[in-house]
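Here the protein sequences line up with chains D and Y, keeping their order.
For the first sequence, the numbering used here gives the first residue as 4, with consecutive numbering after it.
For the second sequence, the numbering used here gives the first residue as 4, with consecutive numbering after it.
Misleading hints may appear alongside valid ones.
Note that identical chains are pooled: a pair holds if it fits in a single copy or bridges any two copies.
[Unchecked claim] Dumping the calculated DMTMM-like pairs for lysine to aspartate or glutamate here, alpha-carbon to alpha-carbon at most 25 angstroms:
(1) Lys172 x Glu16
(2) Lys17 x Asp44
(3) Lys22 x Glu145
(4) Lys17 x Asp129
(5) Lys17 x Glu139
(6) Lys92 x Asp44
(7) Lys22 x Glu116
(8) Lys17 x Glu29
(9) Lys92 x Asp129
(10) Lys17 x Asp140
(11) Lys172 x Glu145
(12) Lys17 x Glu128
(13) Lys17 x Glu85
(14) Lys172 x Asp44
(15) Lys22 x Asp140
(16) Lys22 x Asp129
(17) Lys172 x Asp140
In short, the hints are calculated from the structure, not lab data.
Number of protein chains: 2
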Amino acid sequence: MNDHTETSTPPSEKQLFVKIVISNWELQNSRLNALLVNLTDEQLSAQVAPGRNRGIYLLGHLAAVSDGMLPLLGLGNRLFPEWEELFVKNADNFGISYPRIATLRVNWNQVNETLAGHFATMQPEDWFSRHTAISEDAFVNEPHRNKLNILVNRTNHQAYHLGQLIFLK
Amino acid sequence: MNDHTETSTPPSEKQLFVKIVISNWELQNSRLNALLVNLTDEQLSAQVAPGRNRGIYLLGHLAAVSDGMLPLLGLGNRLFPEWEELFVKNADNFGISYPRIATLRVNWNQVNETLAGHFATMQPEDWFSRHTAISEDAFVNEPHRNKLNILVNRTNHQAYHLGQLIFLK
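Isolated chain D (complex conformation) (with noise of 0.2 angstroms):
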C-alpha cells in the first residue's frame, strides 16, 4: 500500500454503495447512447425482431421508465407523463402514432440529463431512504426497498433491452 494514499478520506461504506449502484446505470446508459448514435431513425423504426417490438417502441418505453423515476424517487414530477400510456401500459402497435423518433431522441436525453442532476446533488442517506411506491409501514419490515434498489432494478430493465436493441444494427 503507498503512502500517498493516506492523504484524502477514504469513502464511507454508504458513498462505496451508492457508487456502484450509479456508475453500473451510468455504464448501462453510456451504451444504449452510444448504440443510439449509431441507428438511423428508419433503423429505429423496424422491429428488433420479426414480430417483436419496434426500436422506437423501446425508445419510448426505456424512456418512459426512466422519466417514471422522477415521482418515484421523490425528485419531482414526470417530464413527458403522456408517455405511461403509450409506451408502458400499452404494447406496441402500429396503429397508434407515436413521437417522431427525432424528438424522442432529444426528450430522451432531457430525462437523463434530469436524472443525473438530480443524482449529482443526492446525498448517500436519500438513496436509503424509501421510494414512493411502498408505504412507511411496510418499509419498517422490507428496508431493502430503497431508492437505490429502484435503480439497481432499473439498471437490469435497460440492460434487459439493451440486448434487444442491439439487433437493429
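Fit chain Y to the given chain D structure using the hints.
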C-alpha cells in the same frame, strides 16, 4: 410505525446493500430459470433472431460467466473451465460441437446452486473486499471495485441476454 417492529435488530447498511444486490441477482436468475423450463431443447437450438446467437450458445455463455465468478470472487475454481474457450472467447459457431443441451441445463443449475451456497454463507464484509481481477494497489484508489460490484455487473449482463433469449418463446 408499529411497536412490534422494534423487537428485531434493524439490518446494518452493509446488510441492506448486500440484500439489494443478491435479491436482484436472484430475480434475474428466477426469470431466466422460468424461461428455460418453458423452452424445449429444440427451441434452445434455434437462433434468437435471424443471424444472431443460438439459445444453446447464450445459455453456455451465461453459464460460463456465472462459473467465472467462482475464482473472481475468491470462492474456488471454475466447475467447467472448458466453457471459457467455448462460450466466452469464441463466438457462436455451427462448426463447433457444444455440450448437449440436456447436460448444459444440469450444469447451469450446478453452477447456480454452487454460487447460491457461497452467497448464503458470505458475510457482508466479504462482499466489500476486492475481487481477484484488481490489484491491491488499484483497489486502494478504486474501493468500489469490490465483489458486490462484480455481482451487480453480472446481473446486468444476465438481464441483457435474457432480453434476447425471451425471443425463443
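Results for each hint:
Taking the closest pair of Cα atoms, Lys172 and Glu16 never come within 25 angstroms of each other, the shortest separation being 40 angstroms inside a single copy and 42 angstroms across copies. Within a single copy, Lys17 and Asp44 get their C-alpha atoms no closer than 41 angstroms, and across copies no closer than 45 angstroms, so neither meets the 25 angstroms cut-off. With identical chains, the CA atoms of Lys22 and Glu145 are at most 25 angstroms apart both within one copy (22 angstroms) and between copies (10 angstroms). In this homomeric assembly, Lys17 and Asp129 come within 25 angstroms of each other (Cα to Cα) both inside a single copy, at 10 angstroms, and across copies, at 16 angstroms.
Proximity of Lys17 and Glu139 under a CA criterion of 25 angstroms is satisfied in both settings, with 21 angstroms inside one chain copy and 21 angstroms between copies. Proximity of Lys92 to Asp44 under the C-alpha cut-off of 25 angstroms is restricted to the intra-copy arrangement: shortest distance 24 angstroms within a copy versus 33 angstroms between copies. Taking CA atoms no more than 25 angstroms apart as the test, Lys22 paired with Glu116 passes inside one copy only; the shortest distance there is 18 angstroms, against 29 angstroms between copies. In this assembly of identical chains, Lys17 and Glu29 lie within 25 angstroms of each other by CA distance both inside one copy and across copies; the values are 18 angstroms within and 22 angstroms between.
In this assembly of identical chains, the alpha carbons of Lys92 and Asp129 never lie at most 25 angstroms apart, being 29 angstroms within a copy and 41 angstroms across copies at closest. For the identical chains of this complex, Lys17 and Asp140 are neighbours both inside a copy (23 angstroms) and across copies (22 angstroms), given an alpha-carbon limit of 25 angstroms. Taking the shortest alpha-carbon separations for Lys172 and Glu145, neither the intra-copy value of 42 angstroms nor the inter-copy value of 34 angstroms comes in at or below 25 angstroms. In this assembly of identical chains, Lys17 and Glu128 lie within 25 angstroms of each other by CA distance both inside one copy and across copies; the values are 8 angstroms within and 13 angstroms between.
For the homomeric pair Lys17 and Glu85, neither the shortest alpha-carbon distance inside one copy (35 angstroms) nor that between copies (38 angstroms) is at most 25 angstroms. When the C-alpha separation of Lys172 and Asp44 is checked against a cutoff of 25 angstroms, the pair qualifies only within one copy, where the shortest distance is 12 angstroms, while the shortest distance between copies is 28 angstroms. Taking the shortest Cα distances, Lys22 and Asp140 sit within 25 angstroms of each other only across copies (19 angstroms), while inside one copy they are farther apart (28 angstroms). Taking identical chains as interchangeable, the C-alpha atoms of Lys22 and Asp129 lie at most 25 angstroms apart whether they share a chain (13 angstroms) or sit on different chains (18 angstroms).
Taking the closest pair of Cα atoms, Lys172 and Asp140 never come within 25 angstroms of each other, the shortest separation being 47 angstroms inside a single copy and 40 angstroms across copies.
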